[in-house]
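Build the full structure now, drawing on both the sequences and the hints.
If you read the protein sequences in the order shown, they are chains C and L. Going by numbering that gives the first Met the number 0, the residue at position 114 of the first sequence is 113; the numbering climbs one at a time, nothing skipped. Going by numbering that gives the first Met the number 0, the residue at position 25 of the second sequence is 24; the numbering climbs one at a time, nothing skipped.
Treat the hints as calculated values from the structure; they're not laboratory data. It should be emphasised that the depicted structure is a prediction, and the values quoted were computed from it without experimental measurement. All C-beta atoms, glycine included, are put in the ideal place defined by N, C-alpha and C. Just so you know, not all the hints are guaranteed correct.
Unchecked claim - Using C-beta positions, here's what the derived DEER-type ranges look like:
(1) C:F13 to L:V56: 20 to 28 angstroms
(2) L:A91 to C:H67: 36 to 44 angstroms
(3) C:Q126 to L:R59: 54 to 62 angstroms
The chain contents come next:
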Amino acid sequence: MSKKYFFTGFVIVFVLVAAVFSARAAFQKDTSFSPTGKVTGDPSAPIKISTWSDFQCPSCAVAHKTVHHFMETHPGMAQIKFNHFPLKGHQHARMAHISAECAYRLGNFWPYHDKLYDNQEKWSVLQDPTDTFLQYAEEIGFSRSAFQACLADVAAEKAVLLEKMDGTKLQIERTPTIFVNNERLVGGKDLEAKLNSLLPKEEEKSVDG
Amino acid sequence: MTGEKKLAWVDFVWFALRVAIGFTFAYAGFMKLIEPIENFESVVSDYDLFSRDLVPVIARTVPWIELIGGTFLLLGYAPKFSSATIGALALAFSMLLGASILAGKGEKSCGCFGESGIKLSANHMFVLDLLVCISSARMYLFESFPLSLHAWLIRR
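This is the structure we're talking about:
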C-alpha cells in the first residue's frame, strides 16, 4: 500500500468528520429554560426542568411520578415547564393534549395534567375518551360548556402542534425528553439519579438518612 | 489488475450492491451522529441488553463505525477492511434485533437510522442485516474489486 493510498483514506475520514460537525452546528438550537407557558414551581429554584412529553406514553407517566415526588420532597428546589409532544403512534394523545391545552387556557393546567397521567391506563384503553376528558375537567372545577367550547376551537389544537414543532426543531423525537438545567435526558431512565445529583450535599444526606 | 479485464454483468451487480450497502450504513451513521447523542443512547438503552456504563460507549462509537465503514465500502476504499467491518456490524445488529424480536419487540422501530431518519421495524431490519452480512462476507472473499477507488488507486 502506498502513502497515497493512506492519504486518500485520511482525506475521506477528514471530510466525513467535518461534515458531521458542520451538520451538528447547523442543527444546534438554544435549549435554555424559558419561564413562560405551562410553568410551575419556585421561579428562584436552582433546578430548571423542561419536559417534552406525551400524555399517552407510559415512560412519560413514570417520569411525571418521579418529578412530582421530587417536587413534593424538595419544595423550592425545582421549577418545571411542560411542553406538548403528542406522538403519532398514540391513538388518543392528540385529544389528550388538546384537552390539557384547554385546561391551560382556562387557567388551571397542572391539576388536569396530573389527572391525565394518574389515570393514563384507564383512558388510554377507551374507544373514545372525550367524555372522560370532560369529566376530569368538571372534577377539577371547569365549566363543561366552557371546556367543550375550547375543545371545539381550532386554536387549542394549533397551539399543541406549534409547540410540538418547536420540539422537533430541538431534535426531540422520543418522549419523554427532559432538559434538566439544560442537560438533555431521553427516556427518563436516569431522571431520578440526575435530579438527586443536583441536590446540595446536606439535603441529599438528610433524604437518604 | 482488474482494469485490464473486461467487466462482466455480475461485476456491475456486485458494484451496485456494494454501493447500496455502503450508502445505507453511511446514511444510518450520519443520521445518528447529527442528532443529540442522547436520542441514540435511549434507543440502545431500550434494548435492555447492555450495562449502563456500556450504553454511552456504544452510542458514541457505533455511528462513527457505520459512517466511516459505510463510506469506505460505498467508494470501494480498503474493500476487504470495509466489507469485514460492515459484515461484522450487520452480524452484531442481526443478533441484537433477533434478541429484540424474541422479546416480542419485533414491530417496534429499531432506531437504526436515528430517530428522524427512515423508520423500519426490528423484523424488517433483521432480514436486511442478515442479507448484508452474507453479501459482505462474499465481498470480503473477492480477489479483485472492479469499479472501486481501491482498483483506481492501485492502478495509478
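Taking the beta carbons of A91 of chain L and H67 of chain C, is their distance inside 36 to 44 angstroms? holds (39 angstroms)
Return holds or violated for the Cβ distance of F13 of chain C and V56 of chain L against the range 20 to 28 angstroms. holds (24 angstroms)
With respect to the beta-carbon atoms only, verify the hint that Q126 of chain C and R59 of chain L lie 54 to 62 angstroms apart. Given range 54 to 62 angstroms: violated, Cβ gap about 44 angstroms.
Hint 3 from the earlier list is the only one contradicted by this structure; the remaining hints agree with it.
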